[in-house]
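Q: So the chains spell out like this:
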Amino acid sequence: MSPTEPRAGLSDAALVAAIRSGTESAVAELYDRYSAVVYSVSLRVLGDTGAAEDVLQEVFLQLWRNPDLFDSSRGNLAPWLAVIARNRSIDVLRKRRPESDVEGVLLPVEPDMAGDADRAMAMTKVRTVLGGMPEAQRSALEMAYFEGLSHSEISEKTGEPLGTVKTRIRSGLLTLRKAFET
Amino acid sequence: MSGHEQFAEDLALLALGSLGGDERLALEKHLRECAACRRELESLRGDMALLSFSTGGPKPPARSRERLMAAIAREPRGSAAPAKRWWMLAPSLAVAALMLVIVLLMKQNSALRQQVARMDYDAAAQHVELRRAREVVSTLTASDAMRVTLVAAKTPPQPQGKAIYVRDRSNLIFIASNMPAAPPEKAYELWLIPASGAPIPAGVFKPDAHGSATVVNPPLPGGVEAKAFAITIEPEAGSATPTMPIVMVGAGE
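Chain order of the listed sequences is A and B. Those letters in the first sequence? Residues 28 to 209, by our numbering. Those letters in the second sequence? Residues 62 to 314, by our numbering.
There may be inaccurate statements among the hints.
Unchecked claim - The following label-pair restraints were derived from C-beta to C-beta distances:
#1 B:Val227 - A:Ala44: 38 to 48 Å
#2 B:Gly118 - A:Asp145: 17 to 27 Å
#3 B:Ala132 - A:Arg47: 14 to 24 Å
#4 A:Asp98 - B:Ala134: 43 to 53 Å
#5 B:Ala123 - A:Asp98: 23 to 33 Å
#6 B:Ala185 - A:Asp98: 48 to 58 Å
#7 B:Val227 - A:Arg47: 53 to 63 Å
Stated by the list, open to error - Short, incomplete list of chain A residues facing chain B, as computed with Cβ under 10 Å:
#8 Ala63
#9 Tyr66
#10 Thr185
Stated by the list, open to error - A few chain B residues facing chain A, derived, Cβ under 10 Å:
#11 Gly82
#12 Lys90
#13 Asp108
#14 Leu112
#15 Thr116
#16 Pro122
#17 Arg126
#18 Leu129
#19 Ala134
#20 Glu136
#21 Pro137
#22 Asp205
The set of hints was computed from the structure by calculation and includes no laboratory data. Note that the structure is a prediction, hence the values are computed from the model and not measured. Glycine is no exception: its CB is placed at the ideal position from the N, C-alpha and C atoms.
All chains should be built: construct the whole structure from the sequences, respecting the hints.
A: Here's what the structure looks like:
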């Protein structure tokens, strides 16, 4: 085990490289940066602090065991961890074995979220965009993302036509994209 | 995405994991053939990830960090368990890995055999060369060797010395014949006369009963150009500088 301590201020990619060489403190550094995001997503999906803590642990252990699963050339670490946490939380919610394809999670997210200020700005922007959406559209997006419901389940739950649900979800995602393009 | 509008909404659902059944199968089939839709799917996954940042609950308790670091300490690098989705493939992966190892070992074995064969050949050649060198030296220096100096007919035997010197290796072999015995408590001393500078001692010797003597590789400084070799009579322990007169001398050809 390398006792080398990662220096503060290292990039996510450098810290992942340090994990690859077995530096435990690099996991601690990334945990300090992103545990709040990972935990928040898990808690939102699961609604249970104990279960959310379990997912939090699992996500960072997975990063420790298989740092190569994250490709820093294809996106940022924060959204990658958040999506892994979301997928795993939905697996837990549905009481099914882990089936999310971690390797397939490629996230070309443009905004850099390595810094606290960057993340805070991204959070504010996402909340603003969601807050500006029609209630039905925001709700459809949240049911799909945080509850893991299929479009037909959302349709059944809301009583809206399947096509409407599909359109709302797609246009909601495109609205988010547009907000981060400007 | 123009031309693929029929898949546009389904792509968003697939990104969210909300598409199932026949629609998912049809879209996955299309994705295998359509790079533009694959790129759009990636973009939609990125858009979807942004939803994660709409959450803002309490931070995880401190015990979570301690628990994580304790778990990591129990799993040092190298002993990490493989990803769960891989373990079901373990037997076939193991067989494939074993086959790969076998092929690599066979190749390595073949290369090593060739290397050993080359080394055997080199060793045998060196052995032959060494044996010949030893034979030459032992013949030159054997006390029971018969040493015959051929001279013109009807010429009385004359003291004779033959020096063979290789400058670059500082090797010197000297063979003398028909030498008269050295005076009591004296010996002959061979000198290397360099192209410039003082004579260099090149070995002390006493002829045997037949007047023969050899000097093989005396200690010499490296790379000295020899102008000539000479012999003087010196005390048995040898001298640092030659004592006149020179009893024998010969210049290089």
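Q: Now tell me, hint by hint, if it's right for this structure.
A: Hints, one by one, checked against the model:
The hint said 38 to 48 Å for the Cβ distance between B:Val227 and A:Ala44, and at roughly 59 Å that hint is violated. In this structure the hint that B:Gly118 and A:Asp145 lie 17 to 27 Å apart at CB holds, the actual value being about 20 Å. At roughly 18 Å, the beta carbons of B:Ala132 and A:Arg47 sit within the given window of 14 to 24 Å. For A:Asp98 paired with B:Ala134, a C-beta distance near 27 Å fails the hint of 43 to 53 Å.
For B:Ala123 paired with A:Asp98, a C-beta distance near 31 Å keeps the hint of 23 to 33 Å intact. Between B:Ala185 and A:Asp98 the C-beta distance comes to about 55 Å, which sits within the given range of 48 to 58 Å. Under the hint 53 to 63 Å, the C-beta atoms of B:Val227 and A:Arg47, about 59 Å apart, fit the expected range. This hint holds: A:Ala63 has a C-beta 5 Å from the nearest C-beta of chain B, less than the 10 Å allowed.
At a threshold of 10 Å, the smallest CB-CB gap from A:Tyr66 to chain B is about 4 Å, leaving the interface hint in force. The interface hint given for A:Thr185 is violated, since its Cβ lies 13 Å from the closest Cβ of chain B, which is over the 10 Å cut-off. Given the 10 Å rule on beta carbons, the hint for B:Gly82 holds: about 8 Å separates it from the nearest Cβ of chain A. Among the interface hints, the one on B:Lys90 is violated; its C-beta lies about 17 Å from the nearest C-beta in chain A, farther than the 10 Å criterion.
Of the supplied interface hints, the one on B:Asp108 holds, with its beta-carbon coming within about 4 Å of a beta-carbon of chain A, less than 10 Å. Given the 10 Å rule on beta carbons, the hint for B:Leu112 holds: about 5 Å separates it from the nearest Cβ of chain A. The beta carbon of B:Thr116 comes within 4 Å of a beta carbon in chain A, closer than 10 Å, and the hint placing it at the interface holds. The beta carbon of B:Pro122 is positioned within 10 Å of a beta carbon in chain A (closest approach about 7 Å), and the interface hint is therefore held.
Annotation: interface hint on B:Arg126 holds; nearest CB of chain A at approximately 6 Å, less than 10 Å. A least Cβ separation of about 5 Å between B:Leu129 and chain A falls short of the 10 Å threshold, and the interface hint therefore holds. Residue-level restraint check for B:Ala134 holds (minimum Cβ-Cβ distance to chain A is 7 Å; threshold 10 Å). With a least beta-carbon distance of about 7 Å to chain A, the hint placing B:Glu136 at the interface is held under the 10 Å criterion.
Given the 10 Å rule on beta carbons, the hint for B:Pro137 holds: about 5 Å separates it from the nearest Cβ of chain A. Given hint, B:Asp205 at the interface with chain A, is violated; its Cβ is 71 Å from that chain's nearest Cβ, farther than 10 Å.
In this structure, the earlier hints numbered 1, 4, 10, 12 and 22 are contradicted, and the remaining ones agree with it.
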